[in-house]
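2 protein chains.
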Amino acid sequence: MNYGIVVFPSKEIQDFANNHRKRYDPHYKLIPPHITIKKIESNDENQLDEIVTLLEDVTSSLSPFEITFNRVSNFFPLNNVIYLALEDTEPMTNLYEEMNKGMIKEEQPRYPFTPHLTIGQNLMEDELFDIFANLKSQNIQYRMKVDRIHLLYQLENEVWTAYQSFVLPKEK
Amino acid sequence: MNYGIVVFPSKEIQDFANNHRKRYDPHYKLIPPHITIKKIESNDENQLDEIVTLLEDVTSSLSPFEITFNRVSNFFPLNNVIYLALEDTEPMTNLYEEMNKGMIKEEQPRYPFTPHLTIGQNLMEDELFDIFANLKSQNIQYRMKVDRIHLLYQLENEVWTAYQSFVLPKEK
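Quick mapping for you: the protein sequence lines, in order, are chains R and E.
Following the numbering used here, the numbering of the first sequence begins with 4 at its first residue and continues without gaps.
Following the numbering used here, the numbering of the second sequence begins with 4 at its first residue and continues without gaps.
The following block holds chain R by itself, in its conformation from the complex (with noise of 0.2 Å):
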């Protein structure tokens, strides 16, 4: 089974990523417009109740924060993919970090994190550098709140599903 811990951006942006994602991203209706935080493949199907048990006590002591995506960027050479970056990526990185302690010990990750939120993959070298033109000029500024993450599974189809919501705390 293989499970997704995402955030979905606010609708706006969902709007926005759907627009470009429908021509240029396969997964396009395989999962909506999201950050993904962690991707857990697993062959233990009770391993949902641990990351659950271990979401709840993470996201528990965990408060919303603000994220600004402000331009369109892409991760050529290592992978044809482009997507929405943040302004600023510490306040994501910071929310992986929290979520990887305690969790389950996996392979060290291929690269460091890096938040994104994908718009384009699997592109042809060329296609990629003439979307990457026309988008980079592109006046981005989406600020949304990041209050909750959301556990998902996959389906057979490849389809991801929602399992369960983690809101964050409101400070006191």
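Since the list can't tell identical chains apart, any single copy or any two copies may satisfy a pair.
25 Å max Cα-Cα, derived DSS-like pairs, lysine-lysine:
| hint | residue 1 | residue 2 |
| --- | --- | --- |
| 1 | K104 | K41 |
| 2 | K42 | K32 |
| 3 | K25 | K41 |
| 4 | K14 | K32 |
| 5 | K41 | K14 |
| 6 | K14 | K42 |
| 7 | K173 | K41 |
If you're looking for bench data, these hints aren't it; they were derived computationally from the structure.
Put chain E on the given structure of chain R with help from the hints.
What follows is chain E alone, placed relative to chain R:
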């Protein structure tokens, strides 16, 4: 904005339903298999917070319950829909009724609430009868626990995105 309050069945049932939905349900790519408790159309962007508060309140006093899908049924001639039906609809109907207490006033629903998991819709009449004849001979027996409901909202591209889950507290 369109809001939906749904129950997502277990992975096993979602996978089974999708095997049929991919051929017979045009909403296959818009939302994973689900039982709709309530759909709310609203022009009021602030209504989301109101619905969340209401659902937190309602679910806090409910306990998880078991349901069994035991056959395929249809809504013909009212609607050309084929669905997985419940052995006993009472627990889901109770949930629906609890949900309606204190819910924003609405027009009288067109049909009485009949909990169902759609596996085919918008079917031609002869197609509906063919599929139904084929499926009704299958031995269907899927038992699951309903221990959470999900609040979703609909994006511009008609896909439903998860906003919040509400776990039904375990009995003391």
